[in-house]
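There are 2 protein chains.
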Amino acid sequence: MDLVTPQDIEAAQHRIHAVPGPSAAVRTPLLPLPGADREVWVKPENLQPTGAFKIRGALNAIAALPEPVRARGVVAYSSGNHARAVAHAAHAFGVPATVVVPRTAPAAKIAAARALGAEIVPVEVAERESTARRITAERAATLVPPFDDLAVIAGQGTVGLEIAADLDVDVVVVPVSGGGLLSGVATAIRARRPTAKIVGVEPELAADARESLHAGHRVSWPVELRTRTGADGLTAEPSELTFRHLVDRVDDIVTVTEPEIDAAVAHLARHARIVAERSGAVAVAACLHRQLPPGRTVAVVSGGNIDAEDFAAVLSLA
Amino acid sequence: MDLVTPQDIEAAQHRIHAVPGPSAAVRTPLLPLPGADREVWVKPENLQPTGAFKIRGALNAIAALPEPVRARGVVAYSSGNHARAVAHAAHAFGVPATVVVPRTAPAAKIAAARALGAEIVPVEVAERESTARRITAERAATLVPPFDDLAVIAGQGTVGLEIAADLDVDVVVVPVSGGGLLSGVATAIRARRPTAKIVGVEPELAADARESLHAGHRVSWPVELRTRTGADGLTAEPSELTFRHLVDRVDDIVTVTEPEIDAAVAHLARHARIVAERSGAVAVAACLHRQLPPGRTVAVVSGGNIDAEDFAAVLSLA
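Line order of the protein sequences matches chains A and B.
Heads up: the first sequence runs through residues 2 to 319, numbered per our numbering.
Heads up: the second sequence runs through residues 2 to 319, numbered per our numbering.
No lab work stands behind these hints, which were simulated from the structure alone.
Predicted, not measured: the structure shown is a model, and the values here were computed from it.
One or more of the hints may lead you astray.
No distinction is drawn between identical chains; accordingly, a pair holds when it is met within one copy or between any pair of copies.
What the hints assert, rightly or not - Okay, derived cross-link-like pairs now, SDA-like style, lysine to any residue, Cα gap no bigger than 20 Å in a straight line:
id: 1; residue 1: K110; residue 2: D171
id: 2; residue 1: K198; residue 2: R250
id: 3; residue 1: K110; residue 2: D308
id: 4; residue 1: K110; residue 2: S24
id: 5; residue 1: K110; residue 2: E128
id: 6; residue 1: K110; residue 2: R211
id: 7; residue 1: K110; residue 2: R271
id: 8; residue 1: K110; residue 2: E139
Build out the structure end to end from the sequences listed, making use of the hints.
Written as structure tokens, this is what we have:
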């Protein structure tokens with residue numbers, strides 16, 4: 002099985018930076034984060050347009066298509082940050098996007114994708130992938146998967162290139178769900194900073210990737226278990242492709258509790274002055290509450306799409 | 002009267018970037034901000050260590066001192082973002098800082114400066130400046146004023162150099178209080194992008210700088226009037242030095258209302274995923290609610306130090 006290479010990620014970096022204007026990915030800085038017992042820096046991917054790192058993979062996957070293929074449009078299935086990123090990236094390239102969403106998806110998230118010009122196709126949850134594949138075939142369009150795709154992983158890996166360019170980092174801590182971000186970042190860091198440790202973070206309530214990594218093979222958790230966490234962007238499971246990256250390039254995966262995640266959201270608001278969603282804050286939770294390898298540490302904050310009321314409640318309770 | 006030159010600001014940029022590690026100023030990116038009737042980008046200075054642009058002026062003023070002078074320490078009088086920035090910058094250079102605060106200052110703000118190693122001297126409000134000057138003389142230390150100082154203005158001006166380097170900007174919108182930030186940014190933008198318009202923003206309830214600019218001479222508002230606004234970082238008045246910069250280099254100053262300021266804080270949380278204080282959000286309020294010169298616009302978000310409870314309340318009401 003071919004894994005992503007550092008050269009793939011460098012090519013992605015060139016493609017992403019060639020996109021002009023406010024549709025481009027933001028070159029995020031590192032922000033010092035006080036309050037841990039070590040030197041911690043935040044990589045604030047919540048500051049991206051659409052509020053998550055996902056725009057990097059979507060822009061790269063769409064930019065890498067031959068022009069006539071791209072013109073026929075792209076399809077995504079997701080109710081969350083990935084769908085929004087694909088809609089945004091398609092809009093940036095002026096090509097049609099179709100987003101297949103579960104009927105139960107929050108109206109606000111559907112409205113956000115529609116506002117970006119995407120066609121919305123509501124279906125039953127179980128029919129999302131099959132509907133997306135059918136539409137893709139009918140229109141001779143291109144499916145952009147949320148993580149099980151080399152171009153998407155390469156795009157997410159640009160986060161790692163930027164970290165290595167900005168800091169002599171010893172430890173990089175990254176949220177894990179499907180594993181696309183962690184696979185890409187681990188590949189970039191291994192290439193640019195071979196001595197650095199790479200640690201994934203999951204909610205304790207959705208720790209299938211940790212169990213899989215320790216078992217040496219993929220272990221699936223029932224969806225009822227995985228969806229107990231408030232970190233609703235971390236309920237996917239690694240694919241065989243991303244799992245191979247984790248086995249090859251990641252040192253460990255640790256878990257954090259729900260109260261630790263909420264505390265990290267509040268800590269980021271107070272000390273880094275950024276709005277993070279729960280899923281986006283798990284790496285910071287690990288820096289504040291877990292034993293990690295020693296040294297200068299970067300925690301990737303992967304997203305910031307949280308309802309204002311929910312966010313206000315987290316701040317008031319902390 | 003000598004005004005700041007573009008060369009002063011370039012020198013400040015070199016000094017600020019020579020500071021190593023987590024004490025340095027962050028090279029903030031521009032973030033696209035949806036929701037206005039124009040292309041708006043945010044310059045998020047709330048992401049700086051200590052949560053405000055003030056660190057730039059403090060670092061430059063302290064870095065520019067001859068080493069033996071610097072070693073005798075620095076003094077500041079302020080209960081807000083400037084004191085914190087001076088404490089932080091002094092700590093970065095390993096020199097003592099003394100901060101003179103009003104007895105009535107919030108305990109949290111005093112604790113923040115003390116945590117950075119500063120000596121705190123509480124006095125009556127009216128005695129702040131005289132006490133600071135006495136301590137400065139006694140210790141042969143250096144007073145770092147909040148804005149009435151060429152080195153401080155030059156440091157704040159680095160915000161403008163970065164904006165001009167990142168975007169072909171047509172309009173730059175900046176909060177005004179004492180006018181140090183606006184003076185520095187206007188100088189940098191005039192030099193690098195002579196056709197761009199430069200607009201200051203004040204709360205309607207503390208619009209002394211606007212009135213002064215329109216009158217052609219400084220008009221003072223009674224402190225009871227100026228302190229009615231919730232934007233508690235915008236209650237100072239320009240000095241003769243900063244006023245000369247505004248007359249020479251700023252196109253206009255506009256005002257925003259208290260509800261518009263609160264709405265801008267909520268808008269920034271939702272659409273740029275950053276935590277801004279009210280004083281920091283006035284330029285964004287102007288982009289959302291005022292007629293401004295046409296074109297591609299950058300709004301400087303100057304700070305993000307807002308109590309969690311207060312911030313939660315603003316989000317819940319918006």
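Between the shortest in-copy and the shortest cross-copy C-alpha distance, which are at most 20 Å for K110 and D308: within, between, both, or neither? within (10 Å within a copy, 29 Å between copies)
When no copy is specified for K110 and E139, does a C-alpha distance of 20 Å or less occur within a copy, between copies, both, or neither? Answer is neither; intra-copy 26 Å and inter-copy 61 Å both fail.
How do K110 and R271 come out at 20 Å by Cα distance, when the copy is not named: within, between, both, or neither? between (26 Å within a copy, 13 Å between copies)
When no copy is specified for K110 and E128, does a C-alpha distance of 20 Å or less occur within a copy, between copies, both, or neither? The answer is within: 19 Å in one copy meets 20 Å, while 54 Å across copies does not.
Which holds for K110 with S24 at a C-alpha limit of 20 Å: within a copy, between copies, both or neither? within (19 Å within a copy, 38 Å between copies)
Pop the pair K110 and D171 into one bin, within, between, both or neither, using alpha-carbon distances up to 20 Å. neither (37 Å within a copy, 33 Å between copies)
Regarding K198 and R250, is the shortest C-alpha distance of 20 Å or less found within a copy, between copies, in both, or in neither? Within one copy only: 9 Å inside, 50 Å across.
Please work out whether the CA atoms of K110 and R211 approach to 20 Å or closer within one copy, between two copies, in both situations, or in neither? Answer is neither: 29 Å inside a copy and 41 Å across each miss the 20 Å cutoff.
When each numbered hint is compared with the structure, violations occur for hints 1, 6, 8.
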